[in-house]
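Visitor: This is what each chain is made of:
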Amino acid sequence: MNSTMQPQTAAPAIFHVHGVSKIYRMGEVDVRALDGVDLDLYAGEFAVLLGPSGSGKSTLLNIIGGLDAPTSGNVFFGDWELTAANDATLTRFRRKALGFVFQFYSLIPSLTARENVALVTELVDNPMTPEDALALVGLHDRLDHFPSQLSGGEQQRVAIARAVAKRPSVLLCDEPTGALDSRTGRLVLETLVHVCVDLSTTTVVITHNAVIADVADRVITMHNGRISGMRRNAIKKSPADLEW
Amino acid sequence: MRTLDHKLLRDIGSSRGQIVAIALMVACGVALFVAMLTTYQSLERSQRAYYDAARFAEVFAHATRAPRSLGPRIAAIPGIDALQMRVVADVSLDVPGRDEPATGRLVSIPERSRPPLNDLFVREGRYLQPADRTQVLVSEAFADANGLRVGSTIGAVINGRRQRLHVVGIALSPEYVYAIRGVADIWPDSARFGIIWMGEQALSAAFDMKGAFNDLAVTLTPGIDTQTVIERIDALLARYGGLGAYDRTDQPSHRYLSSELSELRVSVVMVPAIFLGIAVFLLHLLLSRQVGTQRAQIAVLKAFGYANAVIGLHYVLFGLLIVAIGAVLGIGAGLWSGWKLTHYYAVFFHFPILRYHAGIELLAATVMLVILAGVAGSLSGVRAAVMLPPAEAMRPQPPARFRPSIIERIGFRRVLSVPTRVVVRNLERAPLKALLSCTGLALGVATLVVGRSTYDALDLMLTHQFYAAEREDAVVAFDRTLPLRARWELGRLPGIIRVEPFRAVAVRLRSGHHSRRVVLIGLEDDASLRRIVDLRGRVSRPPRNGLLLTGKLAQVLGVTPGDRITLEVLEAAKPTMAARVVATVDEPIGTTAYMELGALDRLLREGPTISGAYVAADARDRNVLNAALKRLPAVAHVAFREQTIENFRSTIAEVLAISTTLLITFASVIAFGIVYNTARIALAERGRELAVMRILGFTRGEITLVLLGEQAVLTGAAIPAGLALGYAISLSLSVAYSSELYRIPATVSRATGAFALLVIAGAAFVSAFLVRRQLDSLDLVAALKIGE
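Top to bottom, those sequences are chains A and B.
Numbers given in this note's numbering equal positions in the first sequence, counted from 1, plus 1484.
Numbers given in this note's numbering equal positions in the second sequence, counted from 1, plus 1.
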């Protein structure tokens, strides 16, 4: 199978992953979390990394996000080799280019919704205003609420606003709907799709929920640390039409 | 071992950094408590044993010349157990190898038996033998300071005649534990003042005191009223120039020793309490955190059927084990340093008997104290663990509730950056914790300030005494009053530039039911070498009409300027008269009354007489002057200001070095304990938050500021608070320790402030650095996976 399947519109690849393996030492045994993965991710696409738990999708996302280093292989962001960078450079890379959305929202409890977003916008040049970013996720009326005053779905949408407010080129989402009920999950997915389309942000969502894959441009399936399949959705579903 | 005990040990292993910090705090508190208490108890027991063994007298009196036949009448006073009649006189000594003359206090002892009271401990050599009239025993401190051994010879001017005395023994007496010349001296000068015990017959003969005595010491039967005995003795000695009897509380050596011991007793309570208090606070933080992170484990244990009591006990044991580590270290270190300290003091005081005491009751008290601290520190954590309903504990903790801080609510929101708001809100969310951390650090600062300010005060007193009040090069004291013309003889000595005579006379001042024996000093109106100056540098002139009193003396007599008091002269013709207090002066040392020299002469109904003189001399002629002074028979002692200052400074420098090391250690333990612990706990609580910030693109430096900003704010607030607290404590100590002997001024120098600031900031910085290293190993990937 051609693991670098081109998108329909010939957008340039912004991530190149070449022969990446990752071996964890868990006590006495070695666990091969990734086993020779090759993958390209293209500008503006909405990609879903689908696989059961332990398939290596989170490890791959962490390596792409500069949070973890592979045991072997290389990762390029454009022409720049991520895997050769030091900690300070990786921090700069995350600061400028990446947006993260986590399963458990990870908001700072002592900051309001607006401030959680401002925390990130203060770091970069030319960000959205926190108010605009929160309006984008439909939370214009919850600006001064603290995390403890927001529902799970609202917290996750604040997390998305926080991730997109700096206008990143890539948005990495780790099980963004994992902790939410299906109705709230659909709302969050809608926000992600909306951001991807409106801001042309490359969006990578990892999930074990196969239903979610239907909203993606491209679905990359993982199994036992390898890419086991890849398909392009001829017809993308709207998040509102999903059922789980 | 039960499984829960294994968990206990592993929990302790996994928080070892914090546990070490808390255990050290406990160890410091316990070590100080044990060391100070054993030292205090040992010294008190040694003092008592020494006094008992030597039959130290309880009432003392001096007279000009009283017949020995008075003995039976004194002995007949009800309440007197034993008595000793002696001849005591201060003479000028010529010590081999010493340029300037020293003062020797000759004290008579029986040749054929040991003294009935105030017995000697012969450390080297032997007691007197009847045959030789020139043999003497010398006090140990004086012998040590002057290199005198058994077999040495010293020259003495006894009643105007030069005599050679042969040292046959080195001895100690409870009467001179602190060998101080008189009430006017504030510290012992072992090199220039010594006690010489000489045969009764030889001494009586030398001073024309055959069949007479001028010094009386008695012991009392238990339960007798001392004051009545004193009055009876005074009545008997009145005809013979009695200077007024006094009990041990006015005996210079006993008085200084007691004040030293009581200062030690104050420290026994104060200082360890600070350390144990902080240890309780830190233990409370650690255990609350421990229970917070182990919610799920506690729930599982409860679900399996572990009783609340077992779980509660598990966490109490966690606290107790930590304080136990500290207690073991502390008791060991305390016993060792108590032993060292007791020895140090025993050497300093020249105690011949040492009763080191570390009783079982002390250890029991320490153990109780430590258990109490351990339980107090564990209490709230244990309570939280016991109260936790299992079902709730299985769910993750809800996000903490926050709100904008006060600073933001009053309109400073825009000024604060978002990371700064995190710091401020975290501080405000746990105000008690912030307050206690800040208080602990402030106590650390205050410890440093108080410790060092003692030396600032001594320095101020020294500067005042020797640069403002006493500006002479030397004080020459005669062994009796001399006619005023002696000043001209003094002025003719080589190198003398200026002579300012003074008259010192023992008086009793009475006002209502208050009375004090003091020295009344007569100074010339235009005296410029010896001036009457207060601590602010304001100079007073000796009054021609009436008395000038030191502020403390006026206070104890309950008088103010304008009041009239009764003045009883205790020498010569002993006139009693009314005198007016014309002014007071706040001198830091002693309780003295002043008058103009001529006015004092008229008051005493004597011709112009002097007791000595303050002199200015050319340093180049120093040796010639010394030699000339040694030859003058009337000179009892000479004190060179420069040497006194140097002697004082070198003693202080030595003590300062030791105490500075101790202070730095203690304050560092406090600062390290608090900053390290609170930062570690903050890291444990907010590690995930910080990891998320790192993922979002914050640098290590930036998240370090968010984590340690809190500690920086607390330390920053603690420093001025600690300086103020330190000054307040110094002030209260200066009031508490203000005695008739001296008033320690409350003063904190800039150097002391800077020292405290640097030590605390340094210790906080090192602790922060250690936590910062742990920030570097923050697991970013794991942070993504953990739920709230």
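You may find that some hints are simply not true.
[Stated by the list, open to error] Dumping the calculated SDA-like pairs for lysine to any residue here, alpha-carbon to alpha-carbon at most 20 Å:
hint, chain 1, residue 1, chain 2, residue 2
1, A, K1580, B, K575
2, B, K575, B, I231
3, B, K434, A, P1593
4, B, K575, B, A620
What the hints contain is simulated information worked out from the structure, not anything from laboratory work.
Visitor: Are the hints correct? Go through all of them and say.
Guide: Hint check results:
A threshold of 20 Å between alpha carbons decides the hint, and for K1580(A) with K575(B) the separation of about 98 Å lies outside it, so the pair is violated. A threshold of 20 Å between alpha carbons decides the hint, and for K575(B) with I231(B) the separation of about 18 Å falls inside it, so the pair holds. At most 20 Å may separate the alpha-carbon atoms for a hinted pair to count; K434(B) and P1593(A) meet this at roughly 19 Å. The suggested pairing of K575(B) with A620(B) is violated, with an alpha-carbon distance near 41 Å, which exceeds 20 Å.
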